[in-house]
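Sequences and hints are given; from them, build the entire structure.
So the sequence lines, in the order shown, correspond to chains A and B.
Heads up, the first sequence is in the working numbering, so the first residue is 1 and it goes up one at a time.
Heads up, the second sequence is in the working numbering, so the first residue is 1 and it goes up one at a time.
These aren't lab readings, by the way, just hints derived from the structure by calculation.
Incorrect hints may appear among the rest.
A pair counts as met if it fits within one copy or between any two copies, since identical chains are not told apart.
Said to hold, decoys possible - With a Cα cut of at most 27 Å, we get these calculated DSSO-like pairs of lysine-lysine: (1) K229 to K747; (2) K746 to K820; (3) K821 to K786; (4) K830 to K846; (5) K661 to K678; (6) K812 to K618; (7) K812 to K678; (8) K338 to K298; (9) K820 to K751; (10) K821 to K846; (11) K61 to K51; (12) K786 to K830; (13) K60 to K751; (14) K821 to K707; (15) K229 to K450.
These numbers were taken from a predicted model, which means no experiment stands behind them.
Number of protein chains: 2
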Amino acid sequence: MANEKMVYFYGAGIAEGNASMKNLLGGKGANLHEMASLGIPVPPGFTITTKVCVDYAETKKYHDDLKEIVDENMEKISKVVGKKFGDEENPLLISVRSGSRVSMPGMMDTVLNLGLNDKTLLGLIKQSGNERFSYDSYRRFMQMYGDVVMGIDHDNFEEILSAVKKETDVKLDTDLTTADLKEVIKRYKAMIKDKFHKEFPTDPNEQLWGAITAVFGSWNNERAIQYRKINSIPDNWGTAVNIVAMVYGNMGNDSATGVAFTRDPATGAKRFFGEFLINAQGEDVVAGIRTPQHITKKTADEWGAENGINEDERVKKYFSLEEFMPPAYNQLVDIYKKLENHYRDMQDMEFTIERGNLYLLQTRTGKRTGKAAIKIAVEMVNEGMITKKEAIMRVTPDQLDQQLHPMLDPEGIKGVKPIAKGLPASPGAVHGQIVFSAIDADEWVERGKKVILVRNETSPDDIKGMQVSQGILTATGGMTSHAAVVGRGMGKCCVVGCGDIVINYSNKKVEIPKFELTFNEGDVITLDGSTGRVYKGELPTMDPEFTEEYSIFMNWVDEFRTMGVKTNADTPEDAKRARDFGAAGIGLCRTEHMFFGGDRIKAVREMILAETLESREKALSKLLPLQEEDFYQIIKAMEGFPVIIRLLDPPLHEFLPHSDKDQKTMADEMNLSIEKIKQRVNSLHEFNPMLGHRGCRLGLVYPEINKMQITAILRAAARLIKEGVDAKPEIMVPLIGDVNEFIPVKKMSHKIAKEVFEEFGVTFKYEVGTMIEIPRAALLADTIAKEAEFFSFGTNDLTQMTFGLSRDDAGKFLPGYVEKKILPADPFQKLDQEGVGLLINWAVKKGREANDKLEIGICGEHGGEPSSVEFCYRTGFDYVSCSPFRIPIARLAAAQAAIKDKK
Amino acid sequence: MANEKMVYFYGAGIAEGNASMKNLLGGKGANLHEMASLGIPVPPGFTITTKVCVDYAETKKYHDDLKEIVDENMEKISKVVGKKFGDEENPLLISVRSGSRVSMPGMMDTVLNLGLNDKTLLGLIKQSGNERFSYDSYRRFMQMYGDVVMGIDHDNFEEILSAVKKETDVKLDTDLTTADLKEVIKRYKAMIKDKFHKEFPTDPNEQLWGAITAVFGSWNNERAIQYRKINSIPDNWGTAVNIVAMVYGNMGNDSATGVAFTRDPATGAKRFFGEFLINAQGEDVVAGIRTPQHITKKTADEWGAENGINEDERVKKYFSLEEFMPPAYNQLVDIYKKLENHYRDMQDMEFTIERGNLYLLQTRTGKRTGKAAIKIAVEMVNEGMITKKEAIMRVTPDQLDQQLHPMLDPEGIKGVKPIAKGLPASPGAVHGQIVFSAIDADEWVERGKKVILVRNETSPDDIKGMQVSQGILTATGGMTSHAAVVGRGMGKCCVVGCGDIVINYSNKKVEIPKFELTFNEGDVITLDGSTGRVYKGELPTMDPEFTEEYSIFMNWVDEFRTMGVKTNADTPEDAKRARDFGAAGIGLCRTEHMFFGGDRIKAVREMILAETLESREKALSKLLPLQEEDFYQIIKAMEGFPVIIRLLDPPLHEFLPHSDKDQKTMADEMNLSIEKIKQRVNSLHEFNPMLGHRGCRLGLVYPEINKMQITAILRAAARLIKEGVDAKPEIMVPLIGDVNEFIPVKKMSHKIAKEVFEEFGVTFKYEVGTMIEIPRAALLADTIAKEAEFFSFGTNDLTQMTFGLSRDDAGKFLPGYVEKKILPADPFQKLDQEGVGLLINWAVKKGREANDKLEIGICGEHGGEPSSVEFCYRTGFDYVSCSPFRIPIARLAAAQAAIKDKK
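Below you can see the structure in the form of structure tokens.
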């Protein structure tokens, strides 16, 4: 540490750091340095590195030299701004803000106006000529410092503020007079002394170090840890501290503060877009306490038109920055263009206008919806700003996933009036039962409910509750409020700033005065995150509509993708949908679901209860034509692409009823005694069905089941071939642990194929392969590959068996494993590359050595999970197979893997 | 095939083959050739090789040249004996017998007297001068040939024979006159023609080829396949056919036939030992139809004394061969000595005396009891005949196992009179319920019964029933009867030739007229296979008594053994017993069994039902002193040796009652509502408990359980160390799948150790290691080995998870897997070296690379199975651990592995 630079200064057109130093200076810090270098007006400041944070977290103390270095840098700020820290005449005030590698909105703590005390306050008054502003700044500082550094709960301050407001009969903070604010500050001091037996620090240096330590400490507060967990951010990254000279957006009506995006973060439209508040400090915008106004006249006009506000009134009450402060606006326009061109990506900026002077406080790559991500990526390629490869790497699979969320069915909502309207913060259409707190959301979801979290606003404490909710609805806040930013990040449907609703937390009601409606906790509503509309009850949704940019983007994806993508589909409908999503074939068609439809289950049960081969074959003969038709339709829907059909997999007891009532019904239907049924159910009972009589083990005891299914598959294909349809059936044997389990099925397939070829007078290519889902099969892949034409890794079961962990039972302790970092992630969600991956790697290597024509794929849930898809690519898979809705994600993940590989 | 010699001739002092050619000529054939070379009198003959059999099994036809070659060899026999095949004056008759690599007694078919027809019969009469003998030979030939070659069931012949006996009012076959036999033959021919529409072949060459083909075919008859399955003999070995000139032991009272052992096959005593029948053919002895007489005067005298027969009567009625035919006897003595010296092992010989001339028909390494195997091995070393290494390789682990069978407790049988006495054919003491057929035995055992199979005699059809029975009791037959030979081979307690009993199959009763006792099916009796005594009811047994030879032998075993042998033991008693058996430490001490004793289960249940950490700790504090005392006693019993204690492993629901009644009792005892208990039972329910919340996963959720157990272990050790006892505790963490599951337990152990060391003022070495029983742990063994001090392979679970096969549920299909050869053996009995073994090999290699001090062992059931022990040796294990009774077997298997390795 001793020889490493601990502090980086910027200001007055120079900077010691730059944008590439995010790991060391945090995102916010690095970009401040970069902006300073670019000549963009930023208040001067310096950054204490993330390494100091990590070091402090370990040793609980600072390097001996740090204090001196910080003092030197404070001096440098002084020189630039011509103010002095702690000076009673012309005091330098600073902000102390955290900034880690990646943006963690609202998660880390900030202190503004630091350096104020009863004496420097007088200097501030003198310097600003604004007594009320100065006392307000002092009040805000005490509140923030008290909360963040001294650990005095926010409520203690709010209580006093409310009391004074009540006593003086005012509604808004801004209506408080200087005298009122003096009273507030007096009471703050008394409260801190009387209730907490502390003295509010008056020494600016004590304040400074208190704040620095609080920022470093906040890296490990619970909210931050929670956020990192959800977003897979390593704990050892640490945060930097940015100490920046204060500028004020709340110095009167010639001051303002705002946030802006170089393009629309919700739609991706190429329009300058943002919100600001007059006479406010930055936190006011993000916190969503006042609903802010538009930056450009154009968006303000649009908003006005949409909300039925006439132009005059709009310009009078809801003016835009463009109209209100043209010079600052024009300067901001120049800056945003410069920044987007410089960073070659959409920027999210914070700015403050102090008495007409514009300062940029932050710029960063803007979070965006999936739709926006695609549109921006495609348009930037068209604008020549980035390459196709960069475009592909810019859209995360999660963003693409958002694009695939269902929308409200236009037919279904025809004539249905929304009950409220807010801002369309994050797209998708969802319904759920109303809950009013994050804790309730968590509890209800635990009980299996789907909920919509309804709040005035959200805060970082709500992260977990937001995560589990279907969607989020807030009464206040704008498109950049906490709920909006976090909701978009999560790909969670979100409507914010919905002023139509009035929430009463205490009796758990939400009222919509406009329509005289009242909803209670548990009532169902539907949110449309793409329009901001809220509906009563559950409305029908439909598959997402895909934009032109989406098609262009996905075409590019396929240009760079080398690995195949197939689908898991059990019905012709699923097959068709998956084809539309870009699937080239079926990687897993499960046949057992077909056994449940209509009267089929009766024949299946007859088969299971049969005591002789003959009666079993009789029951199977009823199923044959039905299965043949199933396969006919599915293979037809996938014409030209291979269709892998897995032979029966689940244990037979899954087809029998287990309750007395259902057993009685079955007994009556089959004209059997209930005892007979109970007896068979008992005889099929298993202690560990996961490790029981299922998969290929069924077909080895009852080859006639395999015979029926293989016959159905090959007959269906033969019919199609005769009809001129390019059918490509493949037969997959599940749960192989030894090649000797595979060989009989392969032989049977060839025998049946010969018969079918003769009967139909056609020949066609078909393949016989196997799942690799038992560890032993992976270990002995070479022996199996000599016989099998393809391997399909069933990573669900392979994970269960490699971990010795039942997915159905792991719920009791697996979340704790992830929480305690025993495992980096739930291995059923993300493929365990270290352990299960080792086994897969071995099997692929051995399999290919033994059979260089072996086709290798995956058909477990992991086939649609991006990091797992990347693993499959690296391991040399021919394809991944996943559920229809995951197909585009798998395509993107595969393309990104290929691009990364070529780098 | 074309260029390989298909037929090998021997006779007249020369031989084309020798004893080393067992694979090609079969055991019987190779030894016939060897004996011929040694100048021992054998009738001339030739052997058709096993390769011809294998070739025939594949192609279903013979090589073009074979017929000519056989004819040439038949000519050679003719020349030696001066008789001609098919000649009407002086016909050559032959035996056609199978002979595979290893002896398969009674399993393969034999035809004697081949070459007889109505014409050659006249030649035989002329040549032998004995009409009755000749017709009897013809009758026997027709019966055997009809049965074996023509497939006409034995009963058809027996029926006719019985009818004629009844008509002529005679009891024994030997009482039938020539005229009677003529009638029998006439009726045989008629029966074959009328009932089966076949003609008995009269052409000797047709007979010859029919018999050869039948022998080859018999390799694949059901009994042979069954025998091979039980004895793990490959199907592709094939059998040879031996064609040998007939000699007759039934040419009158100057003729005899018998079997002899160079040493006692039951005890190993160095005494010539055997049985013979006057005027009989070989099969008569083995079939046990007549009880034979002794060969030596000494054993005949002993038998007489034991059965209270005075010397005169004994010499008159039960003369020995030594007394009856001194010259033949003396010649036989010379031969047996020559053979044992030549083969350097105990021989089992068949001989025939034809009109005073001795012929050896077979010699082979004699089957023996475990006790005999050890005694013979030790004595042969002492006699300088073999080396210690050879001695060790001569005793199979199965034979040693027999030695470890319990015996009747002499105290317990004091004053208890046996109800019957037979020959002590195979040692051990067992009890069970009487059944009268092999089929019944099988059925009763399926239903969970223990049975004693009681038969007049046994036949190869009974193999499976014998296998599943506790013991076998036969009314007839000698020490070399089918029941005796097979029983010894199986290590199955067996009493034969028990003339005291009278069996009535039809009403399922056995009577003992001497005591006027009647036993029904299902009644319990006890057999003592070491004395031949039979007792009513169940008698107390005791641990086996070990002979001096056993001790010597086991000392030699340990001289050559390099791998350690520990025991799985949960109690001080087991620990002591295992130590006596030679265990050097405990490889697995399960702690859960201790949780059930007495009142402990209450505290355990309190702990499980506890809702807070405090109440859980309170319950655990009750268990701590009890566990400490358990560990104190066990570690003490293993003083000087390491004791590996596994932390709690089973899921908690195993400790709760599951029936309503038991739950009610528990509720009353604990003063809780039954709902509360049901609720906890339900919340602990698992779909796949094998893959559920158990092993280290418990301790990670409830670290206080680990804390209690680790504290108890280390406190117990500390107390012992203080008392001067050399305590070596080791803590084993079960079910690890990731090193992160191990580290917290290791840290906790070190923390507790520090506290215990301080409290007791002592320090001692202890180790912390882990089970490797989850495939993932094996795969990631390197990361785990960096932290763990030892690995203990839990091959039970590792097998379950690697195969994806629940041991509890596999019973429904796993036997079929072995039967259909999908798997070579039940992987829960014999370690699957191909699959699970691959994983173990990997883990050992990776583990040792990461930690060269890592100690590696096995504690699954396989630790006491010989082929698995050999695998562990080859894989570089430090030790195997098994149940106390398997310790000597593991020691022997380890020594044999080391000796094989050095070869």
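For each hint, the structure was consulted:
In this homomeric assembly, K229 and K747 come within 27 Å of each other (Cα to Cα) only across copies, at 25 Å, whereas the closest approach inside a single copy is 50 Å. Taking the shortest alpha-carbon separations for K746 and K820, only the inter-copy value of 16 Å comes in at or below 27 Å, while the best intra-copy value is 46 Å. For the homomeric pair K821 and K786, the shortest alpha-carbon distance between copies (19 Å) is at most 27 Å, but the shortest distance inside one copy (40 Å) is not. Taking identical chains as interchangeable, the C-alpha atoms of K830 and K846 lie at most 27 Å apart whether they share a chain (24 Å) or sit on different chains (25 Å).
Taking the shortest Cα distances, K661 and K678 sit within 27 Å of each other both inside one copy (12 Å) and across copies (23 Å). Taking CA atoms no more than 27 Å apart as the test, K812 paired with K618 passes between copies only; the shortest distance there is 23 Å, against 44 Å inside one copy. When the C-alpha separation of K812 and K678 is checked against a cutoff of 27 Å, the pair qualifies only between copies, where the shortest distance is 18 Å, while the shortest distance within a copy is 31 Å. Taking the shortest alpha-carbon separations for K338 and K298, only the intra-copy value of 21 Å comes in at or below 27 Å, while the best inter-copy value is 118 Å.
Within a single copy, K820 and K751 get their C-alpha atoms only as close as 54 Å, which misses the 27 Å cut-off; across copies the closest is 20 Å, which meets it. In this homomeric assembly, K821 and K846 come within 27 Å of each other (Cα to Cα) only across copies, at 24 Å, whereas the closest approach inside a single copy is 32 Å. Taking the closest pair of Cα atoms, K61 and K51 come within 27 Å of each other only inside a single copy of the chain (13 Å); across copies the shortest separation is 85 Å, beyond that limit. Within a single copy, K786 and K830 get their C-alpha atoms only as close as 30 Å, which misses the 27 Å cut-off; across copies the closest is 26 Å, which meets it.
Taking CA atoms no more than 27 Å apart as the test, K60 paired with K751 passes between copies only; the shortest distance there is 23 Å, against 74 Å inside one copy. With identical chains, the CA atoms of K821 and K707 are at most 27 Å apart between copies only, with a shortest distance of 21 Å across copies and 48 Å within one. When the C-alpha separation of K229 and K450 is checked against a cutoff of 27 Å, the pair qualifies only within one copy, where the shortest distance is 23 Å, while the shortest distance between copies is 59 Å.
In terms of the numbered hints stated before, the structure departs from none.
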